[in-house]
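Full structure from sequences and hints, please.
For the record, the sequence lines run as chains G and U.
With the working numbering, letter number 115 in the first sequence gets 115, and the count goes up by one each step, no holes.
With the working numbering, letter number 190 in the second sequence gets 190, and the count goes up by one each step, no holes.
By construction, these hints were calculated from the structure, which means they are not laboratory data.
Be a bit skeptical, because a hint or two may be false.
So the derived list for chain U, only partly shown, Cβ under 7 Å to chain G, looks like this [said to hold, decoys possible]: (1) G117; (2) H121; (3) R151; (4) Q169; (5) H173; (6) Y174; (7) G177.
Taking lysine-lysine and the DSBU-like style, the derived pairs with C-alpha atoms no more than 30 Å apart in a straight line are [claimed, not checked]: (8) U:K115 / U:K27; (9) G:K27 / U:K157; (10) U:K140 / U:K122; (11) U:K49 / G:K27; (12) U:K122 / G:K128; (13) G:K27 / U:K159; (14) U:K49 / U:K69; (15) U:K140 / U:K63; (16) G:K437 / G:K386; (17) G:K213 / G:K128; (18) U:K21 / G:K27; (19) G:K27 / U:K27.
None of the values given here were measured: they were computed from a predicted structure.
C-beta: ideal position from N, C-alpha, C; glycine also.
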Amino acid sequence: MVAYLISMFTKEEERYYAIRWATADEKHIGRVIATYRNFLALILNASANEYRIDEINSLYLNRELERLEKGNKEDIFRLVIEVEKRTDMYSSWQNRGVIYDLAPLNENAGETGIAIYPRIRPLWDTDKSERNRERRFNTSFTNYMMVRAEDVLPFEIVMHYWNDRGVLRAMEGGWSLRIALAPVMDDAELRTEERDLAVGYTVGVDGLINEQKVTEGVLRVFDRMFSEEYGIIVFPEALGTEEALVGIKDKMREHPEFCTFVMAPTICADGSNVLVVLGPGGVECLRHKKTSPAILITEDGREEREDLLFDRQVHLLITHELGLVAFPICAELLDPDFYRLIVNAVLVDTIICASFSPGVKAFHDTLLKGTAARLLQLYINTCSAKTVSRNGQVALPLGFVQVPCSDEEFQIRTVDRECMGECSKGICYFDITIIYKNKEFHVESLHKRCA
Amino acid sequence: MYKEKYVINFFKADQDEMQRKTRGFSKIMVELIAEAAFGELEKLQQECKQMRYSAQGYLEDSKVSPEEKNTLVNIGYINALLDVEQMYLQKLTIQNEMQQIKTRYKNAILAALVKAGTMLHKDLACAIGVSASGLTAVIKQMNATSVPTIRVEEVSKYKLYSITPAAYQYITHYMPGMLPEMETGNREQEVYFDYVMAVRSIKQNRKMGIAEKEREIRSDYVMALNRGGKKFMNGQAKFGSVIEFSQKLA
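The following block contains the structure:
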C-alpha cells in the first residue's frame, strides 16, 4: 500500500508537498489526522497482528484508495508517512538462514515503479545528517526505504540481508569496531592484455603474473588478521585468485565463532573484476562485479580504459549494526552515477572501497562528499599499484577512514605507509579501532604492523 | 483450524506455500508458548503432527546420500530451534521493556493514543492531565527502552505522537481492555470497516465485480449479528469475524 500511495507522486511533487507540510498549521494537521483515523487504525491492527500489509486489501481500504486517487495530494502525502509508521518492522526472516538475498518487499514494484526495502538504521546517531533535511518520504520513514526505479537507472539493486549482530563490540555508552585494512605487498603484477579500439585503448586485466606468490602473501596476512578477530577485514582490489578465496573460506569455516566480515581481494578473470564478501563462518554474502572501468593516462598521454565484462547489478548488504553497506570497487566510487545511486537513492550508511590505483586524491575528494551525510567510510589502496603508475610510485596515504562525527579533526583519518618497502617481505596491514561513545566517534589506535 | 493454515504436504506444496506455512507455524507456536496456552498448544500439536510423516516420507524418497541427508536434517533442525529461540526472545524483550516503563502516565498515554491514533503534543498533554512542558519528560521516559513505544515526529513546529506497532501488539495481547470499543454510531455508512478483510488486489476486485459479493456478505454479517445477539466488542473478535467472512471472497 505504501508503494501504491507513493506512486501517486512524482519526485517533484514529493518535494513540493514536503515543503508545504513544513509550514502546516495546527488546524490542518488535526483535520488530516481525524480524516484518516479509521483507515490508519485498520493498518495498525493488521500490522501488529503480523499480517503483511500488502495482502490485506479490504473493501474498505479499496474504496478509500479509490477515493484517494481523486483526493487532495497534500493530505495523501501525510497519509503515506502515517501508513509507513504503522507498518511493523520487517520480520519475515524465519526459515531463511542468516544471510540471504532480499527482493523488494512489495509485490507491486514493477507496476508502481517503487521498490520498498527494509531500512535498518546504523547504531550511531545521525541527527545532524544532511539527509534529515531532505524533502523526501525517506526522511520521515522509520522502518522502510522506498526507491524509485528511475533513480537507480542504469543500475539494478540487489539487496542482501544479514540477520544477526556481532561485528560491533558493546562497551559502556557505545561500541567499538576493529578493522584491518591490508595493503599486503608491493610486488603484485597484473597480467594485462591491450586491445585497440577506434578511440583509445582498452586494457583487460586477466589475473596476476606472480599469482602464486601473491596468493601465499594474501593467505599469510589473512591468517594473522583473522586470528586477531577483527570485525571487518578489507583487502585491496585485484590481488585475488580463486585459490586465495577458497583458502580464506576454509580458514573462516574452521572458526565460525569469529564474527568477521571479509572483503576478499577482487578476482580479475574472464573479463570481469569480482568482489566477494564473506560473512562469519565463510558464508558468501554477495559477489559484486565491478561496473565502472578504471581509466588511466599513460606517460605518452594515451588513455587506457579497463576492459570489463559487467552486468550493472549493484549488490548491497543490509546489516543491523552498520546500516546499509555498499562495496564499490575502486573506480566505481568515482563514477557519479554509481555514487548518486548508493548515497542518494538507496541511502547507504557505510561505504567500504577497495582500490588498486596509482593516485588517491579523487578518492579522498569523493569520500569528503560523504561527510555531510554522516557516512562511515573505509578506503584502502595497495602499494602494488605502482606497476600502473607513471612515476613508479604509489601516492600516500594508502587508506582513509572517515567516521560520521562532527569533529573536523577526525573527519577523514589517513593511513600512511611507514614500512619503507619492507612490507613486501613480511606481513603488513593497518589496524584500526573505531570507538563510538556518548554520540562521539574516536579513532583510537591506528598503526601498521610488519613482521 | 490450525491444520488448514499450517500443515504442509512436502510432496505437494510449492516453495512459497512451504515458506509461508513454516513461518506462520513458528510464529503461532512461539506465541502460544509465550502465553503458556496449554490447551491451544495441544491442539496445534495434534493437528500439525501429520507433517512429520510427510517430512519423513519426503526424505526417504530423496536421492541425496544418507550422510548428506542426515546433515541437512540437522541443519534444518538447528536452524528451526534458533529461529524459534530468536522469536521467543524478541517477544519477551517487548514484554520486558514495556514492563520496565516506570512513569505512572504509561497506561493513560497508551490508552489515549490507541484511541486517537495520532495526537498533537498539547492534545495528548490535555488527555492525560499533565502540562505541555511536563509531557516531554514523560515521553522521554516512555521511550527510554530498547523497544520504542511512542513514535515522535515533528511536523512544521508541532510534535505528533503515535503508538508503535510493537506497543500496539503488546496492548492487544496483555491489555485488551484498553482497546477502544466499536463506535457504531458514526460508522453506519462504513460498515465495511467492521468485517471485510479480503485478500484480493485492488485490480482483481474491480474485475470480479466485487460489489455483488459485498452485498451478500453484508447480509450474512447482519444475520450473524442477529443470531449472536450482540455486537463484536474488541479488535480480536472483530478480526476473527473478518477472516471468517473474507474466506467467502476467496
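Hints numbered earlier in the text: which of these fail when held up against the supplied structure? 2, 5, 6, 7, 11, 15, 16, 17, 18, 19
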